[in-house]
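Peer 1: Put together the whole structure using the sequences plus the hints.
Residue numbers (the numbering used here), protein chains in the order written: chain A, 3 to 764; chain B, 7 to 258.
Worth flagging that the hints you see were computed from the coordinates, not collected in a lab. Keep in mind the model is a prediction, meaning the values are calculated, not measured. Check before you lean on any hint, since a few could be wrong.
Unchecked claim - What follows is a list of derived Cβ distance ranges for each label pair:
id, chain 1, residue 1, chain 2, residue 2, range
1, B, R68, A, D144, 57 to 67 angstroms
2, B, Y126, A, G509, 56 to 66 angstroms
3, B, Y126, A, A121, 49 to 59 angstroms
4, B, E185, A, G729, 35 to 45 angstroms
5, A, E430, B, E84, 39 to 49 angstroms
6, B, M14, A, K635, 52 to 62 angstroms
7, A, E430, B, E185, 55 to 65 angstroms
8, A, V716, B, E185, 55 to 65 angstroms
9, A, E268, B, N117, 43 to 53 angstroms
10, B, E243, A, T730, 13 to 23 angstroms
11, B, G171, A, S632, 44 to 54 angstroms
12, B, Q199, A, T510, 51 to 61 angstroms
As the list claims (entries may be wrong) - Calculated pairs, SDA-like style, for lysine to any residue (alpha carbon to alpha carbon, straight line, at most 20 angstroms):
id, chain 1, residue 1, chain 2, residue 2
13, B, K222, B, L244
14, B, K19, B, H32
15, B, K187, A, L53
16, B, K19, B, F29
17, B, K214, B, Y238
18, A, K635, B, N87
19, B, K170, B, D150
20, A, K685, A, T113
21, A, K117, A, L136
22, B, K214, A, D267
23, B, K237, B, S226
24, B, K187, B, E202
25, B, K214, A, R215
26, B, K222, B, E28
27, A, K685, B, S229
28, A, K80, B, L157
29, A, K726, B, F146
30, A, K80, B, W153
31, B, K237, A, S245
32, B, K214, B, S226
33, A, K80, B, H152
34, A, K723, A, E641
35, A, K723, A, G652
36, B, K187, B, D164
37, B, K170, B, N57
38, A, K726, B, G69
39, B, K237, A, E748
40, A, K685, B, W153
Don't be surprised by glycine CBs; every beta carbon is placed ideally from N, CA and C.
So the chains spell out like this:
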Amino acid sequence: MPNIDRRDFLKLVGAGGVSVGAGFMLREANKDATEYLIPHVVAPEDFSSGLATWYNSVCSMCPAGCGISVRTREGLAKKIEGNPAHPVNQGGLCSLGQAGLQVLYNPDRLTGPLKQTSARGSGSFEQITWDEGLDQLGSRLDLLRAARRGNRVAMLTQGVRGHLAQLFDNFMRQLGSQRLLHYDFNHPHTLYAANQRFFGQDRLPYYDLHNTRMLLSFGADYLTNWISPVHHSLGFGESRQGSSNERGRFIQIEPRMSASGAAADEWLAARPGTEGILALALANHIVSEGNYAGADRADWAVALTDYTPAKAAEQTGIPQSTITRLADSFIDIQPSLAIGGGAAANHSNGVDTLIAVNVLNYLAGNIGQEGGLLLNPEPTSVVSQQQQASYSTLLEFAEAARQGEIEVLILNGSNPVFTLPQASEFREALASIPLVVSLSSFLDETTAMADLILPSHTYLESWGDDFPEPGMGFPVGAVSQPVVSPLYNTRATGDIILALARQMNVGTALPWENMEECIKDGWRQIYERGDAQTLAQGFDSFWTSVLKAGVWGETAAGDSEFTLDRSVISNLGVQAPEFSGSEEDFPFILHPYLSPNFYDGRGANLPWMQERPDPMTSVVYGSWVEMNPSTAKELDLIEGDLVDIQSLHGTVRAPVYLYPAIMPNVIAMPIGQGHQEFGRYAKDRGVNPIEILSPEIEPITGQLASSATRVNIVPTGRRSKLVKTSGTSRDLGREIVQFADVNGVELSSAGSNSIPITEVTA
Amino acid sequence: MSLFSRFMDGWRKYRKPGYYDEFDYHWTMAIDLDKCTGCQACMTACQAENNIPIVGEEELARGREIQWIRVERYWEGEYPNAKLSFIPIMCQHCDSAPCETVCPVSATYHNQDGLNTQIYNRCIGTRSCAVYCPYEVRYFNYYDHHWDSPLEQQLNPDVTVRGKGVMEKCTFCIQRIREAKDHAKDDGRRRVQDGEVQPACVQTCPSKALVFGDRKDSESEVSVAINDPRKYRVLDELNTDSSVFYLKKVDA
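Peer 2: See below:
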């Protein structure tokens, strides 16, 4: 269980209201700010000069769903902090979450509705009014609906949860369209599929890092971008030096050291895509050593016969002795937990790999155990997980567009032109759609291709709600409330949808005046399903306390059980991964990873994130390609040499960075830079490695196998200066970071005084 | 007072400018390197709280970045045994601060709370302090920095925006300390309680690696932390008597 159990959580929620502004006052302060040139004579109640007012809301910078408290002064947002009462992040917040302020106050925001006046992508827009914009779109939609051709309307949105997702669903149903696509580049399709097969549940379990004493991570960069990084960081800290006397042990298996790899006690590089084989070899050793006593022991032994440690050592490149040692300690050190994700899950065998990881948890008895993996109960009253569209689904959509089956595309926050490989030909497919409308707040690559832009408020200006997935062992929800008055002539996404619904005369099915009412109505239903104690307080008081606390937990939820489907055992197996391109022509495997600064590219327009050194390399403002120093030596390359990275599907050019912890036949590139649009801070900076990815897919889920591209490196003979904040990357005997053993006894510094190979520059 | 003790007193005052017989508070930070994940959330929190400007790529390439707190990274060993360690470094608020003795105009001094503080409008920009600081945590404003409108609306009204020619550095979020003291006074309390004040970096740390508090309160979380056998101070051999304690990374 997380640090906060259900009882503590209720206490926190009760106490959370102290000195926190309640949203219902906000409407007063929310009137058009431009009306007040001079300070208020009679100010709204939550608005006093010199005093800060805090509003609790929800972070929307990534899908983790952390709770935030926003400090406002004189009606302006000043700082975002984590909401201490929210069980996901408990007060902590990552860089990207804090940089949400620069989304709100970004100089490149779209300030009002626009209409493309010449060819798409030419960038010539003219300002129009909301009535014109809504009319143009609404009348088109109404015609299509009346002609029963609503399915020719598609909506492509970034992953949205809560009542906004429900509103989208409802709207598209009224329109008669099945084409509502939620798309996030980083959505873990393979993880959902593997857990569905193993546990028979469509939701993710809770991974209890807080209490685990042994974590085996197969590629999951849980501290940076895997599911809920702030929550995992909290668990990591607690497991390392928390209340328990035994320090948690962390082992990371991945071809290129991530932040989680750096934090681990042991970092191991298995050949890319063989992580699942490694997991099964561990399982084989556990069963063959008699460390699993379940009734189905014999079945497992049969299913695992082919995965002996000796054989796996050959396939994965990890020594047999290491495999058996890991397997033994996974049983000996309890509670233990195995997780999988990142590159390991993005191969052609992704689902099987993650099933193999679950097998380890099953055999070690970690399922349902504190410090292991806790199954989340079925939420009884929250609207939670939306269906995400996979890469294959988007390809089908693009094909439909090319066939002329799509007449209107509504985009909401999703930027597929940037986050899909060029091989998908998505940009070209857009050309076949007669009307493309974007609700984005920024002119991103896809929005630049739109005919009509109806810009949304940012999340700090709108009403919304979120139900984090996975739950915390119990379902959690939070209302997102506006913390400042809207800066520009923009509208909340929900309000735009509701206005369109009215335009189409389907207002009876979507009866709300605005998003605030819709959210409030949704929460009234949650309230009505509450227990007697909840009902006794009345809805208004319930609503106020949810807003004040910034979080609400469904504490009455039941427990969840599972029985293993026997077919998991009989179907067990991990195939060798498939790569695109031959090893002779393309000797390197490209390992693209989400930049810790920009997530999937959405943070690249934030100056704080641009100037924040990359945690591992300290590079700022650019792209780079990481390679092992020995590889660089072979190719006669040094830091800053520009190289072409060529795949079967394209070429990008980036300077070399010598990365000490990457396999010699793997090269890594961060995702996030390389925008052609998206404002002054992002535009024309670095390159986007997604462009050259091969369109390999994981066959079960249709997810893009983004780690399955082989590339060649071609030196260009040119150089570029890598801008970074670090000087030497070594300690050089200064003993700045010091080490101790578990008892706190000082260890002599292993730091070398000589300048290593990575430091040799021109 | 004997001649000797007068001499010693004078020596102590020379060694510790603004020497106090006793601090009111003794603000101290402890950073557990075994918990630090190098995520740099602390850096962004600091940037937001303290109106730290963006200098741009060109200035950064010339080493003119401003980062009151930064995370340093040190590699050890070569593949496949390469290891990476992170350490957040900010002003160490030394009680024998080398920067304080060299300022020709006493723009940097030690205050009543054991903080090394910088008086911006006294600073004449000689940059001597930055030269003397062994931790390299003082940052100079080579220009008047600019916020592309409307980014300036985010600026914290409780913190000065520093102009050209002025040195700046971590203050342990002195504006938050002041606010906490004011609250304590308004409540009729004499002292700020443990946990009542947290600098922005400590508040946001996802893994709770940073702890802040008053070392004079022996019960405080930070006092407990700095009694850990793993405690050490960076470049302690320089006798700077710094107020930032690190807990060694465990190598198991």
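Peer 1: Run the distance test for B/K222 versus B/E28: straight-line Cα separation, threshold 20 angstroms.
Peer 2: Holds, at about 10 angstroms.
Peer 1: Is the straight-line distance between the alpha-carbon of B/K222 and that of B/L244 20 angstroms or less?
Peer 2: Answer violated: B/K222 to B/L244 is near 23 angstroms, above 20 angstroms.
Peer 1: Sort out whether B/H152 lies within 20 angstroms of A/K80, counting only the CA atoms.
Peer 2: holds, 17 angstroms
Peer 1: Is the Cα-Cα distance between A/K726 and B/G69 20 angstroms or less?
Peer 2: OK: A/K726 and B/G69 at ~9 angstroms, within 20 angstroms.
Peer 1: Tell me if the straight-line CA distance from B/K237 to B/S226 falls inside 20 angstroms.
Peer 2: Holds, at roughly 16 angstroms.
Peer 1: For the pair B/Y126 and A/A121, does the Cβ-Cβ distance stay inside 49 to 59 angstroms?
Peer 2: holds, 52 angstroms
Peer 1: Starting from B/K187, check that the Cα of B/D164 is at most 20 angstroms away, please.
Peer 2: Cα-Cα ~15 angstroms, so holds.
Peer 1: B/K170 and B/D150 were given as a pair; does the straight-line alpha-carbon distance stay at or below 20 angstroms?
Peer 2: This hinted pair holds, its Cα atoms lying about 5 angstroms apart.
Peer 1: Would you mind confirming whether the straight-line C-alpha gap from A/K685 to B/W153 stays at or under 20 angstroms?
Peer 2: Within the cut-off at roughly 18 angstroms; holds.
Peer 1: Compare the distance between the alpha carbons of B/K214 and B/S226 with 20 angstroms, and conclude whether the hinted pair is satisfied.
Peer 2: Between B/K214 and B/S226 the Cα gap is close to 16 angstroms, so the pair holds against 20 angstroms.
Peer 1: Tell me if the straight-line CA distance from B/K170 to B/N57 falls inside 20 angstroms.
Peer 2: holds, 14 angstroms
Peer 1: For B/K19 and B/F29, compute the direct alpha-carbon distance and say whether it is at most 20 angstroms.
Peer 2: holds, 14 angstroms
When held up to the earlier numbered hints, the structure conflicts with 13, 27, 35 and fits the remainder.
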